[in-house]
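S.K.: Taking our numbering, I'd label the letters of the sequence shown as residues 1 to 123.
Each hint should be verified, as a subset may be incorrect.
To be verified - Derived DSS-like pairs (lysine-lysine); straight-line CA-CA distance at most 27 Å:
#1 Lys2 x Lys100
#2 Lys93 x Lys2
#3 Lys100 x Lys11
#4 Lys64 x Lys11
#5 Lys45 x Lys64
Hints in this document: simulated from the structure, not taken from any laboratory. Because the structure is a prediction, the values reported are computed rather than measured.
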Amino acid sequence: MKDPRRIELIKACGFGLVAGLAYYAFMSVTGITIPCLFYEITGFKCPGCGVTHMLVHLIRLEFKEAFESNPLLFFMLPFLLVLLIIRITFMPKWLDPNSKILSRIMLVCVVLSLVFGIVRNIS
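Make the full structure from the sequences, and use the hints.
M.R.: And the structure:
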């Protein structure tokens, strides 16, 4: 029997992929991107600054430029994609949305992002 949780997860990933590709197409045609409000208000780069540029460089297979755009997410993204593939394929309990392990993984990601956000603005 098909697992409805898996189907919903695949639908959500598909929607995210389509939305991302639509944004990429829009941005490529118009040159208009979504500005970082945190940067606009404070003048400091947030942990997510450079994600759009990083993803565009990855699509173009420009790995050096992708790394330079956002080094943290350049390394964190493959790890999160592996977790997503494991979740979709095997649906392990340790990757359930309310599991302690997944909560700890996400906490580590948030802490790393905060530290990265601070370090990138003082260096």
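S.K.: All hints, please: hold or fail.
M.R.: Quick rundown of the hints versus the structure:
1. Of the pairs offered as hints, the one joining Lys2 and Lys100 holds, with about 26 Å between alpha carbons and a cut-off of 27 Å not exceeded.
2. This hinted pair checks out: Lys93 and Lys2 have alpha carbons roughly 17 Å apart, not beyond 27 Å.
3. Simply put, Lys100 and Lys11 have alpha-carbon atoms about 25 Å apart, close enough for the 27 Å limit, and the pair holds.
4. Distance check on the hinted pair: Lys64 and Lys11 sit about 32 Å apart at the alpha-carbon level, beyond 27 Å; violated.
5. A threshold of 27 Å between alpha carbons decides the hint, and for Lys45 with Lys64 the separation of about 20 Å falls inside it, so the pair holds.
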